[in-house]
Amino acid sequence: MADYQAPLRDMRFVLNEVFDAPSLWASLPKIADNVDPDTADAILEEAGKITGGVLAPLNREADEQGCKWNDGEVTSPEGFKEAYQTIVEGGWNGLGGNPDFGGMGMPKTLVAQFEEMMQGANMAFGLAPMLTAGACLALDAHGSQELKERYLPNMYSGVWSGAMDLTEPHAGTDLGIIRTKAEPNDDGSYNVTGTKIFITWGEHDLAENIVHLVLAKLPNAPKGPKGISLFLVPKFMVNEDGSLGERNSFSCGSIEKKMGIKASATCVMNFDGAKGWLVGEENKGLAAMFTMMNYERLGVGIQGIGAAEASLQNAREYANDRIQSRAPTGAQQPEKAADPILVHPDVRRMLLTMKGYVEGGRTFSTYVAKWLDISKYAEDDERRQHAEGMVALLTPVAKAFLTDRGLETTIIGQQVFGGHGFIREWGQEQLVRDCRITQIYEGTNGIQAMDLMGRKVVGSQGKFYELFAQDVAAFIEENSTDPALRPYLEPLAAALERLSDVTEHVINQATDNPNAVGAAAVDYLDMFGYTALAFMWAKSVKAAAPKAEGDTSGFYTGKLKTARFYFDRLLPKTVSLAEGIRSGSESMMALAANEI
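Residue numbers (my numbering): 5 to 600.
If you're looking for bench data, these hints aren't it; they were derived computationally from the structure. Do not take every clue at face value.
[Claimed, not checked] Within a straight-line C-alpha distance of at most 16 Å, the following computed EDC-like cross-link-like pairs (lysine to aspartate or glutamate) qualify:
#1 K546 x D14
#2 K85 x E212
#3 K279 x D190
#4 K34 x D385
#5 K262 x E250
#6 K546 x E21
#7 K577 x D385
#8 K565 x E553
#9 K551 x D190
#10 K152 x E21
Sequences and hints are given; from them, build the entire structure.
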């Protein structure tokens with residue numbers, strides 16, 4: 005098994021050469037003073053050392069050990085506490101946090117690269133900082149000044165961690181039917197009672213305190229999602245001087261035995277009149293939660309890329325080392341008993357498919373992160389609103405498409421190994437198990453597809469979609485005379501036209517057919533994703549082509565050749581997807597329940 009190494013060369017290419025991130029950061033006064041090219045490069049370099057040297061070596065053994073539950077206490081795998089201290093001592097927990105409360109204030113375009121390294125090195129561990137960052141984001145956006153001053157500095161420093169408590173045994177996607185209650189007290193606090201499940205790192209021994217953000221309903225709250233409020237509920241009460249007081253009235257009832265991410269604690273949390281404080285307005289809890297959802301859902305998509313990158317690194321090394329049979333064109337290494345399996349076309353197909361998804365996905369996640377930065381930091385209202393529309397449209401694609409392709413890439417990597425990929429010691433089967441959850445949590449990929457097709461596309465009558473279509477069309481027009489790009493622009497334009505036609509078709513069908521959106525949603529999201537990655541690969545060609553001549557490293561020529569493979573072998577999937585969407589919902593809904 006290859007030792008995970010952060011793909012720093014490609015990350016720098018995406019940031020600096022494809023998107024010219026330093027110019028973007030300089031155009032946003034709110035963060036311009038926080039980051040410059042040298043700072044960003046130093047952060048990437050150090051992040052690569054920590055993730056490759058500290059987190060990755062723990063991954064396999066931690067999966068074997070898992071977390072342990074004993075009478076409400078959770079013990080993390082060996083080495084996790086020390087690794088956590090390394091992360092927090094380096095300030096990594098607050099990398100993207102608000103500088104007013106001790107965060108570093110780095111842009112998401114940069115933070116996304118660190119997140120990918122952490123998830124690729126050790127996904128189970130990486131969930132702890134990820135959940136804390138999400139809790140901090142919601143608290144910073146909606147909490148009172150008092151709550152922010154009391155909790156954010158210690159959360160950014162990592163002395164305290166964060167957890168998000170949404171799901172209940174009977175309420176997953178439909179949060180409007182949650183039963184957790186919050187009763188107001190005379191001192192402005194609330195007593196929170198109820199049970200939450202699937203709470204990632206809800207209990208552990210890494211940090212001194214765990215700050216839970218809990219969805220609950222007030223007495224006489226409106227029914228459904230309009231009656232949900234958000235509460236901050238700490239594991240240990242915080243005294244006026246900032247020290248920790250008595251333990252709050254909630255506990256971890258158990259941890260789940262699960263398929264993957266075994267080294268993270270997935271907890272059942274029982275709240276028994278636990279004291280909490282309102283975050284944001286009453287009955288506006290979902291709005292507060294959705295403030296961080298775009299970031300968290302992109303973060304889950306990045307988990308898919310991280311696992312896929314690890315799979316690619318493993319498979320690439322194995323394909324170079326493993327010898328089996330001879331190349332179809334004759335022996336390539338006659339001095340050996342057989343040739344490396346890399347010579348075989350089908351192995352090349354698998355590796356190039358992986359490379360196309362990983363590098364295209366990394367570019368796409370950075371593209372979405374760019375719009376997040378603009379939506380958060382731009383001072384011009386029109387620019388900010390445009391970015392907000394792009395974020396709304398692209399977030400479900402980033403979450404679902406990148407995790408679907410992430411799992412596919414881990415499975416392909418397992419296939420490259422053959423029988424050895426099925427054996428635990430090689431690490432490939434762990435990548436498959438770990439990546440599988442990314443398609444499920446933070447909103448299942450089917451829900452993401454419904455969000456894209458129903459709310460963002462049909463719900464806006466195509467207005468959000470047009471923002472993306474216009475961006476692609478503008479790129480095609482601006483580069484129409486570039487000879488290096490010409491072979492890519494025609495198929496990109498055809499894919500965009502195909503996607504636009506299908507978009508209009510579903511919008512029209514949805515007027516009279518209530519099943520049209522659900523029937524089209526998953527295929528539509530896939531079609532959108534393949535088209536978006538084609539756009540990313542075209543951008544990569546634009547950046548790489550001028551530097552390909554005389555490229556002795558093979559980096560830029562490799563970009564061009566991988567782009568060609570993507571356009572030849574992967575983008576055509578949009579044709580069959582379009583045909584499936586156009587077939588409508590009739591055959592899908594024709595069977596009676598007893599016929600399925």
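Practice task
Taking the numbered hints from earlier one at a time, note which ones the structure violates and give those numbers from smallest to largest.
Solution key: The structure conflicts with hints 5, 7, 9, 10, although it agrees with all the remaining ones.
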